[in-house]
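With the sequences and hints as input, model every part of the structure.
Top to bottom, those sequences are chains S and L. Every number in my numbering is 2 more than the matching position in the first sequence, counting from 1. Every number in my numbering is 21 more than the matching position in the second sequence, counting from 1.
You may find that some hints are simply not true.
[Stated by the list, open to error] Once the Cα atoms are required to be at most 30 Å apart in a straight line, the calculated DSS-like pairs of lysine-lysine come out as:
#1 S:4 <-> L:181
#2 S:571 <-> L:169
#3 L:84 <-> L:148
[What the hints assert, rightly or not] Partial pick of chain S residues on the chain L-facing surface, computed with a CB cut under 8 Å:
#4 3
#5 5
#6 167
#7 169
#8 173
#9 223
#10 246
#11 328
#12 337
#13 341
#14 550
#15 559
These aren't lab readings, by the way, just hints derived from the structure by calculation. Glycine included, every Cβ here is placed at the ideal spot set by N, Cα and C.
Here's the letter readout for the chains.
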Amino acid sequence: MKKLLLSGNEAIARGALDAGISLATAYPGTPSTEILENIARMDAGKAMWAPNEKIAVELASGVSFAGHRTIAAMKHVGVNVAADPLFTLAYTGVRGGLVIVTADDPELHSSQNEQDNRRYASFARIPMLEPSDSQEVLEFTREAFPLSERFDLPVFLRTTTRISHGKSVVIAGEWDKEEKRPDPGLVKDPAKFVMVPANARIRHLDLEERISSLKDFAESCSFNRVEMADTELGVVTSGISYNYVKEALPDASVLKLGLVFPLPDKLIRDFASRCRRIIVVEELEPYLEEGLRYLGIEAEGKSLISRFGEINTGTVRRAVTGVREPAEDNKHEPLDPIPVRPPVMCIGCPHRGIFHLLSRKGIFVAGDIGCYTLAVSPPLSAIHTTVCMGAGVNQAAGIEAVLQEEHGKVVAVIGDSTFLHSGLGGILNMAYNGIPATILILDNFTTAMTGRQNHPGSGFDITGNRTRQVDWETLLRGLGMEHVRIVDAYDLEEMDSTLTEEIKRDAPSVIVVRGACMLLRNQPVKQENPYEIDEEICTNCGNCLKLGCLAISRRNLSIDEKPVIDTQKCTGCTLCFQGCLFGAIEALE
Amino acid sequence: MTTVPGTPTNILMVGVGGQGTILASELLAHVLMESGYDVKKSEVHGMSQRGGRVVSHVRFGEKVYSPLIVKREVDYLVGFELAETLRSLEWLGPEARVLADRKAILPFTSLVGEARYPFDALELIRKRGFDLTVVDGEGLAVEAGEPKTANIVLMGALAKLLPIDKKGWEEAIKRNMPGKFVSVNLRALDLGYSAVEIA
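So, in structure tokens, the structure goes:
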């Protein structure tokens, strides 16, 4: 048997292709991004980036209604964007198997919150599978499609960062499961697919019947497993947490749930009745714990294990057995503070110049989600809100609507990919209601933060083929925006004067700040025409250091000495040269 | 060091975005799998390209459940960068071996003189009594013919310490790397391997 070392995301891609999907769609989002990239790599014709997660789920539902299998992948907060169709798709049900991947991010490695999307399963009444390693990811993904068809429901597949990005050994084997598949084609069935109230009332009742038969299935399905051992302690767990339980509590009996909605009541009651003490080990919300308590079982859970962040073998061991953290010894005495290493904008990044200006002008910046959020850190310190994709545009408008006296001191920034994901409506609103806010679209031609994925503004599709590219000016004018300016992200003077004019303007306006992502232009990043500082002319004013460029340091790393440019690292972006008030920076000869 | 049968061996690899930490851990995990071990590995993607800290957990043994190492249970620390190596000391078990590159990559606060960078990291680690092997990754990589193979130099040094035949490493490089990079990486592996003396 051939062994493979696969990440969870690679295993989802293989499983979906094994199951015979006709189309996969997604919007990039850590930790889910590589699912679609891997599908595109293995079968390019079957993958499409969608502009946002709602579009992805609706597109997938169309594929399903046409009788084909399909998968839509997103990060946990993407499900919020897609929630509207999801709740009603539980009513309609499916034709072809419809699988929605929610890749959750406990510990917020790369997210704005750590919501537990198991709640979505019980809320929307959509079954949810939760695998524990890449082998199970592959198997569960394959099984999810026939499950969806059998019970006429979309199916959630939930991963967490450690499942999606962790790698483990997989024996793929052959998957030759013969099952009845729906016939592709058009089916006109308004009672099932047209959710007007009269039909939806009936489908809601029908949904509960489908869930009820799924609950019977859950009692004996292979997704759930009892591992009886010592009956002193019984642990109920799922997903990644199962692994920590097996290492921390090797003697305990374990009920491992792979289908976490709906829960198998009889199986849980039977397991609980056989163990003296019942503990639920789960990250984030007390989802399983509440399920047990609903059944009247006195389970311990969040009283032992934190509701915040990730857990691991050590936290489970300490919580349940009471062993303490190892004491400090002479090998582990505290160290002097080591400087932190936050992620920073790349040397040569097109976002640096505009944030330098916004910072210098002391402007309030409603921010958004992307690389440019890094401008929150010193020395730029130029982001003042970040909530979710698309929010900044509307927050700036909201602020402008009530703080007229602050007009001229507020802007919103939003990346090109984020803008096309959920910024369009905000522009429409500003134009419609005549709110004189200024929005900066930071156009770097890619979805940079998640690893440079193409989008409708990049002019390329997921396979890198040329496609229709958004015409920004026409788009913005079509939304009602009269004042649209396009500026060069590397021209400080042009950006400065345009910014000054537009934020003062008593009308809605948009500035498109254009400059290709550093990593997109040069791979690997090449050095072009580096600059240097003339020590004789330099007055040590420190202005160039306010750019937060990793190619500029102080001589001898001493806070009192003049700055110096590392010519091996400088990409020649010229921002420090343009910003120097004394002409001390010049091109290296 | 000796490992208890049935208990996984824990390797922590730390560096800075761009050093090839994840690629190296990928190679290591393949070598371990092909040598017949169960193996799991975990790291966080996303921020690594932007100069942030990169941490990769690799665990191998007869059977591995968790992809994450517990604090104070690291058996081998592979440090690609001085400050990150030092920052990881609290993860080390009492018998841990440390393989460290001399490479220093300064964060912004140190570049501008606001925060002291621990250039003395290796002395501190040795003073604490850890078994430390220092490898000049960059120097040997240049000798191999490509400065970017410093990560593979470190893997060569690790190969000397782990109970796995060096051939397994060579095969993994041939299998997992594009053809034109194979020979330079094999040279880097060799130089790293020879740089470690087993007492």
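So which hints don't hold here, by number, going up? Structure breaks hints 3, 4, 8 and 9.
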